[in-house]
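Asks: Single-letter residue listing:
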Amino acid sequence: MQYCVGIDLGSTTTKAIVVDEQGKVLGRGITNSRSNYDAACAVAVSEALHDARFAQIAGELEGRGIDADRRAAWVLDLERGFREQQYRAQLAHLDGALQRALREHGRERGHEAELETALATILARMAAEPRELFAAGANRKSDFFRDLAGSRYTEHAGMLTRVKSETLSFDALVGLFDKAILDVEAKVAARSDFAEHAQRAAHELLERSRELEQAIERAAAVPMEEVSSVGTGYGRARLPFPRSRIRSEILCHGLGAHVMFPGTRTVLDIGGQDTKAIQIDAAGIVTSFQMNDRCAAGCGRYLGYIADEMNLGLHELGPMACKSTRAVRINSTCTVFAGAELRERLSLGERREDILAGLHRAIILRAMSLLSRSGGVRSEFTFTGGVARNLAAVGALRKLVHENYGEMTINISPESIYTGALGAALFACREWSHRELAA
Amino acid sequence: MSVSTKNPPLAATAKDDSQVRQKQMIAAHYARLARASESGEKNVYTFVPGNLTELLRSFDLLPVLPEINALQSGMRGKSAEYIALAEKLGHSEDVCTYVKCDIGMLKSGNVGPTGERLPSPDLLLLSYTGCFTFMKWFELLKQEYQCPVVMLHVPYQAEGRITDSMRAYVTAQIRQKLIPALEQVAGRKYDEDRLKECLARSAQAEEDLVWVLQSAKNRPSPIDAWFGAVYYVGPIFSAFRGTPEAVEYYRALRVEIQERLTKKLGPVTPDGMMTEEKYRLVIEGPPNWTSFREFWRMFAEEGAVAVASTYTKVGGMYDFGFRHDPERPLETMAEYCMGCYTNLDLSTRVGILTRYMQEYEADGLLVNSVKSCNSFSAGQLAMLREVESRTGRPVGFIESDLVDPRYFSASNIKNRLESFLQMIAQKRGGAA
Chain W
1 MQYCVGIDLG STTTKAIVVD EQGKVLGRGI TNSRSNYDAA CAVAVSEALH DARFAQIAGE
61 LEGRGIDADR RAAWVLDLER GFREQQYRAQ LAHLDGALQR ALREHGRERG HEAELETALA
121 TILARMAAEP RELFAAGANR KSDFFRDLAG SRYTEHAGML TRVKSETLSF DALVGLFDKA
181 ILDVEAKVAA RSDFAEHAQR AAHELLERSR ELEQAIERAA AVPMEEVSSV GTGYGRARLP
241 FPRSRIRSEI LCHGLGAHVM FPGTRTVLDI GGQDTKAIQI DAAGIVTSFQ MNDRCAAGCG
301 RYLGYIADEM NLGLHELGPM ACKSTRAVRI NSTCTVFAGA ELRERLSLGE RREDILAGLH
361 RAIILRAMSL LSRSGGVRSE FTFTGGVARN LAAVGALRKL VHENYGEMTI NISPESIYTG
421 ALGAALFACR EWSHRELAA
Chain U
1001 MSVSTKNPPL AATAKDDSQV RQKQMIAAHY ARLARASESG EKNVYTFVPG NLTELLRSFD
1061 LLPVLPEINA LQSGMRGKSA EYIALAEKLG HSEDVCTYVK CDIGMLKSGN VGPTGERLPS
1121 PDLLLLSYTG CFTFMKWFEL LKQEYQCPVV MLHVPYQAEG RITDSMRAYV TAQIRQKLIP
1181 ALEQVAGRKY DEDRLKECLA RSAQAEEDLV WVLQSAKNRP SPIDAWFGAV YYVGPIFSAF
1241 RGTPEAVEYY RALRVEIQER LTKKLGPVTP DGMMTEEKYR LVIEGPPNWT SFREFWRMFA
1301 EEGAVAVAST YTKVGGMYDF GFRHDPERPL ETMAEYCMGC YTNLDLSTRV GILTRYMQEY
1361 EADGLLVNSV KSCNSFSAGQ LAMLREVESR TGRPVGFIES DLVDPRYFSA SNIKNRLESF
1421 LQMIAQKRGG AA
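Respectively, the protein sequence lines represent chains W and U.
Here the first sequence stands for residues 1 to 439, where the numbers follow my numbering.
Here the second sequence stands for residues 1001 to 1432, where the numbers follow my numbering.
Treat the hints as calculated values from the structure; they're not laboratory data.
Since no wrong hints were added, every one of them can be taken at face value.
The list that follows gives simulated cross-link-like pairs (lysine to any residue, SDA-like), each with its CA atoms no further than 20 Å apart:
#  : chain 1 : residue 1 : chain 2 : residue 2
1  : U       : Lys1427   : W       : Val259
2  : U       : Lys1427   : W       : Arg430
3  : U       : Lys1414   : W       : Gln273
4  : U       : Lys1427   : W       : Gln279
5  : U       : Lys1278   : W       : Arg243
6  : U       : Lys1371   : W       : Ser369
7  : U       : Lys1414   : W       : Gly272
8  : U       : Lys1414   : W       : Arg243
9  : U       : Lys1136   : U       : Cys1147
10 : U       : Lys1427   : W       : Ile285
11 : W       : Lys187    : W       : Gln86
12 : U       : Lys1427   : W       : Ala283
13 : U       : Lys1427   : W       : Asp281
14 : U       : Lys1427   : W       : Gly263
15 : U       : Lys1371   : W       : Leu370
16 : U       : Lys1371   : W       : Cys334
17 : U       : Lys1371   : W       : Arg366
18 : U       : Lys1414   : W       : Leu370
Here the structure is a predicted model, which is why all the values come from computation and not from measurement.
Using the sequences and the hints, build the whole thing.
Replies: The following block contains the structure:
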């Protein structure tokens, strides 16, 4: 199968979307951005191709007299099992990388033998966890290996160094992880890994099915050929593409939003380090835009910082802010000042929920200013980017848009984080058709 | 979107005659200023917008332009330390960075762009009050130098035109306040015939400058009318208008540009000649000086050329017909004071930008909004929207500063610029 790929290399995450020649989405992939941009892109594409394979598996199961709910449950369980297998494989890789790191840096940290024993204990404990971590309904801190394995590793390292020894240093253990994880993140899954992990996952399902195993075989055997690619995002200059295949994020978000919601006229994208307000026409062509420039206050990183300050996970902020009954007025959108304001409010006895609600409102107020500078909010209004997943931010946006511009359709897709990658994939698709026509 | 072609370096190319000439003029001027204490020549500090260089020259007074010194400091990488020093002396972060750069330079020994010390002013002359900061700037310099100050009150063109009473008001100030002050500083009487000669030379140079700037109406444009043209307007906006050297400079420049036009050559950029003109832009606002070449390169690499700009009208507007008129010496100078770009009301500025977009067949309008200069920046977004609605062509907005390097974020500016240019390409192609 021939496919086109769009990659959005953001400051926090790297997203990839693969589409067929008609621009139909085949799969989506996401990974954490890292210092090795090539690896981040390759992993995101590989994840998108895995996603496409699962769609193929679902397609293969159709028309074989299997109940639709049952088929869906199979694929869902299979995906979960697949992630578990992936995690196990990465853990094995981490083990090797930690041993190498220990050989290279253990001596300088002292107590090499003690470190080695500690590593073995930590890894054994981690090896026992994947089933539970990937169980149905399990609440994981993150789906990225670095975050998930990192949090487990540090927890076990913390427990060991607290009770076992005074000479075994927590910092030395974490230092080894920091070195080893770079190695793990630089590794891109081999193509054969999909079939291997998927079959192993299928074997471990409660309900084993020959049809499913055959569907995996058939789907994995379909050759996938990349015919065009376009990159976008903050790291786009570093993308492994020729210059002609790189598009600005503005254009990609505009087109992506247009395809997701064809009535879109105004797009707001709040990403990790920038906020974009974009106006588009009926064909998805950008007519004007504004971005934050001199300061990154009020972007996604602001929430990340607040989460750290409150010792919460990023995904916990929105739900907590939604419980607010009386939002505190926070004036500062400067990330550092907001942190100071947060601590002061806490010391004054304000509720965390109310402070968080105020912080979310402060972000959205800044976005409203950018929107008005770009030409205002026109219906339909589409909100994209990582922050669009945050219900408290969405709530504040709805309220402020309503107050300032009246009733209008506000679109938020559950896949909104992929908007830029989708636009890029569609540009790749157009580039391919132009090439085909020319040939 | 086509692949950008890097231009071949121009290392082997000799400097144009006009460039050599300009460099010599500037060097000679600063050398003369440096010797002023021995030679006894008097100097007047004044600003670029609507300045009265011909009148100063008719008295044999040497002009010193603090903004030019500040921008030169910015280009020479000195502004960061000058600004830091000014801030240390109590000037806040929000003050115009030209002012802080100048104050810092002054406090560091007042060494000018050629490495020679500038003389203290014999007079501070403000002939444009459209910029309130100028008044405060000279207030600070007055405290420093304890020298006489003349400030003309210059009415704003709120209705987009100069009325008879406005002209009479400024003319009277020149006659009654300024000329007596200059007579005192120079120690000689006002000589109207000499002034008329200077004004006639100004008109001649202005004629050639306008021809050069309007050469950008051609395809490809032989000049970059923003980055490149800041060099072209140097002599006329600074110390040389009304001098024979300025007349010769503009004549030589015109010949050079005529030659480029005949050969259908594009503009010369920091990396050599632009081989393919992909985007024609009208630019509103001043450039950034601290990363001037890097900034220019961002445009050149994309094949983007400025075909018209408003910054090159910051001293005075010539392209809609104004020429200094020797037959009405004081009135013509009064008109010049009131005619500089930032003294025009917003609707006139929108009209100018719209005309530029149409007459120069531009693909889009780009605003570089500088933090320091509210004379430029106030109202720019509203102007942008209006030009967009009148022309239906793409508009873009970037932000930087004049000489504070802390406000030039290269990656953000590049990001916006690329997005803007791709937006033009997308609109042009309908899709890709």
